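Participant: Here is how the chains run, residue by residue.
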Amino acid sequence: MSHRILIVAEHDGARLNPSTAKCVSCAAAVPDAEITVAVCAADASAVASQTAALKGVARVLAVDNPANAHLLAAVLAPQIAALAGPFSLVLGPSTTFGKDLMPRVAALLDTAQISDIMAIESATRFRRPIYAGNAIVTVEAEPGAKVVGTVRTASFQAAGTGGSAPIEKTPASAQIPSHTRFVSVSAGKTDRPDLQTASRVVSGGRALGSAEAFRQTLYGLADRLGAAVGASRAAVDAGYAPNEMQVGQTGKIIAPELYIAIGISGAIQHLTGIKDARTIVAINKDSEAPIFEVADIGLVGDLFQIVPELEKLL
Amino acid sequence: MRRILVCIKRVVDYNVRIRVKPDASGVVTEGVKMSVNPFDEIALEEALRIKERGAAEEVVVASIGPADCQQQLRTCLAMGADRALHVQADGVVEPLVAARTLLELVKREQPFLVILGKQAIDDDNSQTGQMLAALWERPQATFASKVELDGETSGGQPRLARVTREVDAGLETLEVDLPAVVTTDLRLNEPRYVKLPDIMKAKKKPLETLALASLGVEQKQRLKLTRFEPPPQRQKGIKVKDAAELVAALKSKGLLS
Ligand SMILES: Cc1cc2nc3c(=O)[nH]c(=O)nc-3n(C[C@H](O)[C@H](O)[C@H](O)COP(=O)(O)OP(=O)(O)OC[C@H]3O[C@@H](n4cnc5c(N)ncnc54)[C@H](O)[C@@H]3O)c2cc1C
Ligand SMILES: Nc1ncnc2c1ncn2[C@@H]1O[C@H](COP(=O)(O)O)[C@@H](O)[C@H]1O
Numbered sequence: 001m002s003h004r005i006l007i008v009a010e011h012d013g014a015r016l017n018p019s020t021a022k023c024v025s026c027a028a029a030v031p032d033a034e035i036t037v038a039v040c041a042a043d044a045s046a047v048a049s050q051t052a053a054l055k056g057v058a059r060v061l062a063v064d065n066p067a068n069a070h071l072l073a074a075v076l077a078p079q080i081a082a083l084a085g086p087f088s089l090v091l092g093p094s095t096t097f098g099k100d101l102m103p104r105v106a107a108l109l110d111t112a113q114i115s116d117i118m119a120i121e122s123a124t125r126f127r128r129p130i131y132a133g134n135a136i137v138t139v140e141a142e143p144g145a146k147v148v149g150t151v152r153t154a155s156f157q158a159a160g161t162g163g164s165a166p167i168e169k170t171p172a173s174a175q176i177p178s179h180t181r182f183v184s185v186s187a188g189k190t191d192r193p194d195l196q197t198a199s200r201v202v203s204g205g206r207a208l209g210s211a212e213a214f215r216q217t218l219y220g221l222a223d224r225l226g227a228a229v230g231a232s233r234a235a236v237d238a239g240y241a242p243n244e245m246q247v248g249q250t251g252k253i254i255a256p257e258l259y260i261a262i263g264i265s266g267a268i269q270h271l272t273g274i275k276d277a278r279t280i281v282a283i284n285k286d287s288e289a290p291i292f293e294v295a296d297i298g299l300v301g302d303l304f305q306i307v308p309e310l311e312k313l314l
Numbered sequence: 001m002r003r004i005l006v007c008i009k010r011v012v013d014y015n016v017r018i019r020v021k022p023d024a025s026g027v028v029t030e031g032v033k034m035s036v037n038p039f040d041e042i043a044l045e046e047a048l049r050i051k052e053r054g055a056a057e058e059v060v061v062a063s064i065g066p067a068d069c070q071q072q073l074r075t076c077l078a079m080g081a082d083r084a085l086h087v088q089a090d091g092v093v094e095p096l097v098a099a100r101t102l103l104e105l106v107k108r109e110q111p112f113l114v115i116l117g118k119q120a121i122d123d124d125n126s127q128t129g130q131m132l133a134a135l136w137e138r139p140q141a142t143f144a145s146k147v148e149l150d151g152e153t154s155g156g157q158p159r160l161a162r163v164t165r166e167v168d169a170g171l172e173t174l175e176v177d178l179p180a181v182v183t184t185d186l187r188l189n190e191p192r193y194v195k196l197p198d199i200m201k202a203k204k205k206p207l208e209t210l211a212l213a214s215l216g217v218e219q220k221q222r223l224k225l226t227r228f229e230p231p232p233q234r235q236k237g238i239k240v241k242d243a244a245e246l247v248a249a250l251k252s253k254g255l256l257s
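Here the protein sequences come in this chain order: A and B. The letter at position 50 of the first sequence is residue 50 when you use my numbering, and the numbering goes up by one with no holes. The letter at position 59 of the second sequence is residue 59 when you use my numbering, and the numbering goes up by one with no holes.
Worth flagging that the hints you see were computed from the coordinates, not collected in a lab. Quick caveat, the model's predicted, so the values are computed rather than measured. The reader is advised that the hints may include incorrect statements.
Claimed, not checked - Covered stretches of chain B, as calculated for chain A (at least 3 residues, CB under 8 Å):
1) 13-25
2) 184-195
Claimed, not checked - Subject to a maximum C-alpha distance of 25 Å in a straight line, what follows is the list of computed DSS-like cross-link-like pairs (lysine-lysine):
3) K312(A) x K251(B)
4) K253(B) x K285(A)
5) K253(B) x K312(A)
6) K275(A) x K239(B)
7) K285(A) x K224(B)
8) K203(B) x K51(B)
9) K189(A) x K146(B)
10) K189(A) x K169(A)
11) K205(B) x K107(B)
12) K146(A) x K220(B)
13) K220(B) x K236(B)
14) K236(B) x K285(A)
15) K241(B) x K312(A)
16) K21(B) x K224(B)
17) K146(A) x K224(B)
18) K236(B) x K275(A)
19) K205(B) x K51(B)
20) K312(A) x K239(B)
21) K51(B) x K275(A)
22) K253(B) x K275(A)
23) K21(B) x K285(A)
24) K275(A) x K21(B)
25) K285(A) x K239(B)
Stated by the list, open to error - Ranges between beta-carbon positions, derived for each pair:
26) Q216(A) x E57(B): 18 to 24 Å
27) A248(B) x Q305(A): 39 to 45 Å
28) D13(B) x S45(A): 26 to 32 Å
29) V194(B) x K312(A): 47 to 53 Å
Virtual Cβ for every residue (Gly too), placed ideally from N, Cα, C.
Extracted from the complex, chain A is given alone in its bound form (with noise of 0.2 Å):
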């Protein structure tokens, strides 16, 4: 028996976002899986063919809605709800719009949702991480039972392209709401790779002690590197660098290549998003600091001293 899957996909109206390509992976895993994923927008044409070509999708729904021009969980939500009655697993990525979206999903469908899936065993079991990664949960569902789920990106390769899945317009059946409504997006533009898909990142603390030094000392590095930029909360709340460069728990959860923190101690938050860097170096001036614990490479000393220095031997 094969198992239907419905991916909901996560896009800016033109384009797909990496995260839909995960989701597909992670889908993959159960046993006989058939992938469907919607795509729901004001014209879903382009991003629909994009999402056409993941290899592992059986098929797209195109949902065309004026009230989808943006991805608002109150619109969303039941047109999802509508779309998943024959779906036994129901799949979001854990980004800020999954995590916006699938409870309500789920609440609407009646089902329990299974946050950050960083594994599938079988058609009912996953493994998630809890207290901030500091423990790992096996979950599983009663055979049968409708489940939703977040996807932990970081735990899974994006699926290729090269597919041809058909794709079908499909109209939105379901009551939407007017009581939310988009104001606006202020969106830090940058020309550096994106921080959630960058196989390299440098990343800077408290340490830099402000915007400016936080710009002139990472900025330059990163160039060199073609490295995204990141941040500790710390870093974030002194306003030295802006929210959407938060790494963590309560940020980005990144699994680059590369992982550079520079004048960050290391506290299990910010650890929590960077446990799948395949190598992660620290620069930090106490020896003692927790991110030492985890540093495949470590150094011990003045970032203001080292990082100039580094940059020039690049």
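With chain A fixed as given, assemble chain B with the ligands onto it according to the hints.
Facilitator: Frame of chain A, contents of chain B with the ligands only:
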């Protein structure tokens, strides 16, 4: 009465080093410091500030859990909440059960705003607020870093909220009709410290205990938690003495060419 309901979970304090039980049956919580979930303190602080600005008249805190969570409710009363509701429940309370219970409290209390944390730092679920909003058929503004209510200055009943949210792309602003559900992110505010005299005063504030069953909510557990494990440990790394050695180490790992 213009009322705000704040939802509080008792959790293992964020400074505690978490240990998994050797028999894989759970995480050690005996003899461990317990606190108000940090995001819920932020939720309460926001409610108190709204009240202090004159836009709300009463702040009610509610918690679902064992008798011990009355300690955290007392802390919230000491912070400045007017009244507390404790819904007695032992064992696992899944987010959907919490949301159903909170919906019953919402029907009783008729708040114009319900504020929750964006996630409880024990299970890291990040579900309850969104589920409550769905069941209540009201707006949700999750991961809030700024909350503004209209009509605050006129002293009337606020009808709209403008909420700035921390999203992956940056900051998003939504306008929602009230009543609505808001969940807090870390940068919404900095919670106040509790002062000693307030702890004494809090002892006299009303704390009502309710049974889950009396609210007509069934404590269903739909997901079984079958095994707890510590996370895989990273291999201990090496130390280098300067930038040049760092570059050499990165090259030897194939990370630089
Ligand atoms: C509920 C909750 C959620 C949280 N979520 C997150 C999260 O998502 N992400 C996150 O990062 N944090 C999070 N935190 C905060 C976390 O606990 C820490 O407070 C934070 O990570 C500390 O940031 P930091 O390492 O930059 O600052 P600090 O801990 O102050 O560390 C600064 C480091 O810089 C070093 N240093 C100082 N000067 C120099 C110099 N000249 N050269 C070299 N090194 C120097 C110091 O030795 C020190 O180790 C959360 C906390 C809570 C309670
Ligand atoms: N048992 C509970 N009692 C009261 N509030 C809760 C409870 N569980 C969760 N909440 C609220 O819901 C938020 C999100 O929790 P969660 O969905 O478990 O991550 C918390 O920050 C609390 O505000």
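Participant: Which of the listed hints are broken here?
Facilitator: 7, 10, 13, 21, 23, 26, 27, 28
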